[in-house]
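**Q** Residue numbers (my numbering), protein chains in the order written: chain R, 1 to 292; chain G, 1 to 292; chain U, 1 to 292; chain P, 1 to 292.
Simulated from the structure, these hints should not be mistaken for laboratory data.
Treat the numbers as computed from the prediction; the structure is a model and nothing was measured.
One or more of the hints may lead you astray.
[What the hints assert, rightly or not] Cross-link-like lysine to any residue pairs, in silico, SDA-like; alpha carbons within 20 Å at most:
1. U/K276 x P/E43
2. G/K276 x P/R248
3. U/K154 x U/Q183
4 protein chains.
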Amino acid sequence: MTSEAEASPYTARLLVACRDRPGIVAAVSSFLHAEGANIVSSEQYSSDPTGGQFFLRMEFVADELLERRDGFERRFAETVAEPFEIEWELRHRGERRRMTILVSRYDHCLADLLSRHRRDELEAEITQVISNHPDLEAEVRLAGIPYRHVPVEKASKHEAEERILELLAETRTELVVLARYMQILSPDFLARVGCPVVNIHHSFLPAFAGADPYRRARERGVKLIGATAHYVTEELDAGPIIEQDVARVDHRQSARELERVGRDVERIVLARAVMKHLDDRVIAHGGRTIVF
Amino acid sequence: MTSEAEASPYTARLLVACRDRPGIVAAVSSFLHAEGANIVSSEQYSSDPTGGQFFLRMEFVADELLERRDGFERRFAETVAEPFEIEWELRHRGERRRMTILVSRYDHCLADLLSRHRRDELEAEITQVISNHPDLEAEVRLAGIPYRHVPVEKASKHEAEERILELLAETRTELVVLARYMQILSPDFLARVGCPVVNIHHSFLPAFAGADPYRRARERGVKLIGATAHYVTEELDAGPIIEQDVARVDHRQSARELERVGRDVERIVLARAVMKHLDDRVIAHGGRTIVF
Amino acid sequence: MTSEAEASPYTARLLVACRDRPGIVAAVSSFLHAEGANIVSSEQYSSDPTGGQFFLRMEFVADELLERRDGFERRFAETVAEPFEIEWELRHRGERRRMTILVSRYDHCLADLLSRHRRDELEAEITQVISNHPDLEAEVRLAGIPYRHVPVEKASKHEAEERILELLAETRTELVVLARYMQILSPDFLARVGCPVVNIHHSFLPAFAGADPYRRARERGVKLIGATAHYVTEELDAGPIIEQDVARVDHRQSARELERVGRDVERIVLARAVMKHLDDRVIAHGGRTIVF
Amino acid sequence: MTSEAEASPYTARLLVACRDRPGIVAAVSSFLHAEGANIVSSEQYSSDPTGGQFFLRMEFVADELLERRDGFERRFAETVAEPFEIEWELRHRGERRRMTILVSRYDHCLADLLSRHRRDELEAEITQVISNHPDLEAEVRLAGIPYRHVPVEKASKHEAEERILELLAETRTELVVLARYMQILSPDFLARVGCPVVNIHHSFLPAFAGADPYRRARERGVKLIGATAHYVTEELDAGPIIEQDVARVDHRQSARELERVGRDVERIVLARAVMKHLDDRVIAHGGRTIVF
Numbered sequence: 001m002t003s004e005a006e007a008s009p010y011t012a013r014l015l016v017a018c019r020d021r022p023g024i025v026a027a028v029s030s031f032l033h034a035e036g037a038n039i040v041s042s043e044q045y046s047s048d049p050t051g052g053q054f055f056l057r058m059e060f061v062a063d064e065l066l067e068r069r070d071g072f073e074r075r076f077a078e079t080v081a082e083p084f085e086i087e088w089e090l091r092h093r094g095e096r097r098r099m100t101i102l103v104s105r106y107d108h109c110l111a112d113l114l115s116r117h118r119r120d121e122l123e124a125e126i127t128q129v130i131s132n133h134p135d136l137e138a139e140v141r142l143a144g145i146p147y148r149h150v151p152v153e154k155a156s157k158h159e160a161e162e163r164i165l166e167l168l169a170e171t172r173t174e175l176v177v178l179a180r181y182m183q184i185l186s187p188d189f190l191a192r193v194g195c196p197v198v199n200i201h202h203s204f205l206p207a208f209a210g211a212d213p214y215r216r217a218r219e220r221g222v223k224l225i226g227a228t229a230h231y232v233t234e235e236l237d238a239g240p241i242i243e244q245d246v247a248r249v250d251h252r253q254s255a256r257e258l259e260r261v262g263r264d265v266e267r268i269v270l271a272r273a274v275m276k277h278l279d280d281r282v283i284a285h286g287g288r289t290i291v292f
Numbered sequence: 001m002t003s004e005a006e007a008s009p010y011t012a013r014l015l016v017a018c019r020d021r022p023g024i025v026a027a028v029s030s031f032l033h034a035e036g037a038n039i040v041s042s043e044q045y046s047s048d049p050t051g052g053q054f055f056l057r058m059e060f061v062a063d064e065l066l067e068r069r070d071g072f073e074r075r076f077a078e079t080v081a082e083p084f085e086i087e088w089e090l091r092h093r094g095e096r097r098r099m100t101i102l103v104s105r106y107d108h109c110l111a112d113l114l115s116r117h118r119r120d121e122l123e124a125e126i127t128q129v130i131s132n133h134p135d136l137e138a139e140v141r142l143a144g145i146p147y148r149h150v151p152v153e154k155a156s157k158h159e160a161e162e163r164i165l166e167l168l169a170e171t172r173t174e175l176v177v178l179a180r181y182m183q184i185l186s187p188d189f190l191a192r193v194g195c196p197v198v199n200i201h202h203s204f205l206p207a208f209a210g211a212d213p214y215r216r217a218r219e220r221g222v223k224l225i226g227a228t229a230h231y232v233t234e235e236l237d238a239g240p241i242i243e244q245d246v247a248r249v250d251h252r253q254s255a256r257e258l259e260r261v262g263r264d265v266e267r268i269v270l271a272r273a274v275m276k277h278l279d280d281r282v283i284a285h286g287g288r289t290i291v292f
Numbered sequence: 001m002t003s004e005a006e007a008s009p010y011t012a013r014l015l016v017a018c019r020d021r022p023g024i025v026a027a028v029s030s031f032l033h034a035e036g037a038n039i040v041s042s043e044q045y046s047s048d049p050t051g052g053q054f055f056l057r058m059e060f061v062a063d064e065l066l067e068r069r070d071g072f073e074r075r076f077a078e079t080v081a082e083p084f085e086i087e088w089e090l091r092h093r094g095e096r097r098r099m100t101i102l103v104s105r106y107d108h109c110l111a112d113l114l115s116r117h118r119r120d121e122l123e124a125e126i127t128q129v130i131s132n133h134p135d136l137e138a139e140v141r142l143a144g145i146p147y148r149h150v151p152v153e154k155a156s157k158h159e160a161e162e163r164i165l166e167l168l169a170e171t172r173t174e175l176v177v178l179a180r181y182m183q184i185l186s187p188d189f190l191a192r193v194g195c196p197v198v199n200i201h202h203s204f205l206p207a208f209a210g211a212d213p214y215r216r217a218r219e220r221g222v223k224l225i226g227a228t229a230h231y232v233t234e235e236l237d238a239g240p241i242i243e244q245d246v247a248r249v250d251h252r253q254s255a256r257e258l259e260r261v262g263r264d265v266e267r268i269v270l271a272r273a274v275m276k277h278l279d280d281r282v283i284a285h286g287g288r289t290i291v292f
Numbered sequence: 001m002t003s004e005a006e007a008s009p010y011t012a013r014l015l016v017a018c019r020d021r022p023g024i025v026a027a028v029s030s031f032l033h034a035e036g037a038n039i040v041s042s043e044q045y046s047s048d049p050t051g052g053q054f055f056l057r058m059e060f061v062a063d064e065l066l067e068r069r070d071g072f073e074r075r076f077a078e079t080v081a082e083p084f085e086i087e088w089e090l091r092h093r094g095e096r097r098r099m100t101i102l103v104s105r106y107d108h109c110l111a112d113l114l115s116r117h118r119r120d121e122l123e124a125e126i127t128q129v130i131s132n133h134p135d136l137e138a139e140v141r142l143a144g145i146p147y148r149h150v151p152v153e154k155a156s157k158h159e160a161e162e163r164i165l166e167l168l169a170e171t172r173t174e175l176v177v178l179a180r181y182m183q184i185l186s187p188d189f190l191a192r193v194g195c196p197v198v199n200i201h202h203s204f205l206p207a208f209a210g211a212d213p214y215r216r217a218r219e220r221g222v223k224l225i226g227a228t229a230h231y232v233t234e235e236l237d238a239g240p241i242i243e244q245d246v247a248r249v250d251h252r253q254s255a256r257e258l259e260r261v262g263r264d265v266e267r268i269v270l271a272r273a274v275m276k277h278l279d280d281r282v283i284a285h286g287g288r289t290i291v292f
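For reference, chain R alone in the conformation it holds in the complex (with noise of 0.2 Å):
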């Protein structure tokens, strides 16, 4: 969702999460008042009025914004933010998050991103595209993207992880997209990764979770596949779902027919699910996510 004044180089989006309790949006719509930024688009949400996690998303324009930008954090930070304990962040359009692909053999869902990246549709810098395979090479390095090949044996898999974590480190990625990326991340790759992993499931969750869900959608009968897009946490396909879609099929398709219809389906959740990351509108928040 885009707003009429989304071309202003000074608009800018405020997250906010504490405890709810009366007088926090009157605080911060008076900050921004006050500072003369006028309000574009706000969306709030509260676990519960009395006593919850409250969460806050305002998109709003400020004359000059970037070259006072120091000032305006250090007041928000003593007025609002201290007083109601408040974790906030600003990101200033424009400011790019820097993301990571990774990516396996199938090239349905990393061919969707690179070529919105094309149009311009994520607000994003892709700065790789690392597999443990070599084959998407050439189509990786023709949308002028490095592309690392980092080969995954079962004897090998531990230093695989350290080789990927030390891509994300040099590259300071903000945001891993696992674009059917075939490999199990570990535990312990997950906790020093530092950022979120979105992944793309290729099945409407919580059915059908584990390997080769439309071999076992097919057997079971089911009328709609579906693909799942969800922030990866320890538990293997359990993580915050961020967005979800689904396909009708019938009992005419053979399981090559239901894994293209599948790629259609998969790769439009994936795309719309990094869309809303990157725009700031996913939180995770006890196993669920809010999305705005």
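Following the hints, position chains G, U and P against chain R.
**A** Positioned in the frame of chain R, the structure of chains G, U and P alone reads:
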């Protein structure tokens, strides 16, 4: 959309419309904070952040709100509404709108609304059903709702409209729903009705405006048929659209089958539009609607 | 799906199941041609073209078909069914199945089916509604349908099932529809019921099988909720799926709101499944269904 | 839709069109049986069972079919096609159509088709991409496909169309796909092109035919935007519709955002239409299509 706090008797909705300028959200939320209210949800839209029209819908809870309503409203008028030249409305949860349904012979939309009314899905009191035919009287009376038969002949159309206006006035109707009412309302009627009129049109407007949309959809070979719920204006089938949806059809389906599929779309689209209107989520503005 | 020829009194449906081998379609269509029948629609499926199971559904029109039915069926048996070892069924348009609805307290699925019955959308005679509660009697009786109250207590469950079996036998029921019937039917009941039983489950099976699916869906943070219509088998919530659909939900919606959205999915999914079953379009085979 | 038998080299598709009369299916299926063929799938449609137009699509497998193709076709012509005055076509699996894509500057539909081509989802050989702009050359060449730049100026439109016709003839093109080609093709071009032309229009036709549909959709306040794939005829945006789909939008979305959402609908709708055409599932008849 209903928040967790939906059951509280002290939940209210504040609706605000005014020319957009900085400080409105700050003023409203500071006022609510000062009154001890806790904001449960808040949605806003500006047609243009510099000088456009601004719309705000806030749900909040506040102790003893009903008991101190008059003072609350007077203080809001003085400290917020007058300085900002705001149009506003305050509706307490449980203040149900008085609604009249107009219907002809098709009962699928009517039956759907009555069924939702019985399950308490509509935040409304259905004060009467008016029809130009006697057919649906038993169904309506079983629901405990008065049924008014107002026949419409070509020569008596004016008298019929006068009678309907009387019935609306007597029941102090605040919303008229045309649930497949097959008469065109005159400009004079619309000028005098004094409340919003919601209609369901059995096509995906603006395609197939006018009569007999399913036959024309079939002849054109469209692959989806739709329905559109809109506010009625003088210009036929051109009022602001509240809700639309479609269903997939194919070449094998006869005109009669398209009608059957269409009925399922019509009733869900009308129901969603009515529920959103009753929940104060729809604002008509410049020929379009904002739906929070 | 209904062909243009739907209105003819001499339309019939021929259903065929047998081991797949060459020549079946030729034999059936040559027979129909010899009988002066015109094929209106034809659908077929083979689980494996070399030695799998073959299924065929043909609609055809033939003059005076009802008058010469016995001879037609005898000739089909002799010249086609016996040589090819075919299981088959012939149903003339207008031969309505006798259907019993079981319901508890929720009436949204029941009301939907009654409303379709009134509009003649169901090719069935509803012979009775059986409920373990008295609540919905007036609604059913208004539709001119007998209402049987068969209370179910823990101690009397066996007696209740016996009573239901009696009522099904007395009415020569050919289809049982569980329209949110909140009792689990015993294996003994299912072994003796003697006709298909269709159930609506309020989740996208196999996700959230068992009790309380909306609460669990909300806790898991899914972005779509669903409903599944399936044939009932001994294994709870595991019978062959006939139809499924989903609706989009978000984090703002309370458990109560999910239920409201879910009701709209449940009733359309159940209605579609019942209509397809009555139209002889559903074949259960190996734990799945073929839906023509 | 693909059957389990898709991999067999001896799978073929038989397409039949003729005046409907009894015995056609019997004749065709008896012929196939006599030739030792096993019918894998069969779909048929009659515009009117008494004297309308009849269409049949059968997939079958038969040993050594390619080797005995000539005799097979001659016998079909003599024993079935001539007596029944049938128009027919036989296509062997693996006989890929020769396809040309025309494109301007937007690459989302082109990239989608190229990506499917790489994954072997299209049963076609892409012989060339023709564009009135040079922009997309690198992308096309990476896919190993020739790129022809044919600039179109107002004065040179006729020459450009002549050049395109030459290129189509040289490559023996059997299908032209307009993947957001922003030039209107002249009646003369269409009369001489000699093969079907599929176009993607960025609205839910017949709504918003003509230029600038997203802007007009936004002004009209529709709640769904769509895309339509259709065969091109002389009358602009009025050719037989092959496929349509829609996506939900709301008041918050700018014209630019509608375009982004629209692109995702356009490319999936065009891809589905092209795949169905290549799979011989689309028959244009009387301004509409039959899609098996």
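**Q** Does each hint hold? Answer for all of them.
**A** Taking the hints in turn, this is what the structure says about them:
Pair hint U/K276 plus P/E43 holds up; C-alpha atoms about 19 Å apart against a cutoff of 20 Å. For the suggested pair G/K276 and P/R248, the alpha carbons sit about 16 Å apart, so the restraint of at most 20 Å is met. Our distance criterion of 20 Å between C-alpha atoms is met by U/K154 and U/Q183, whose separation comes to about 10 Å.
When held up to the earlier numbered hints, the structure conflicts with none and fits them all.
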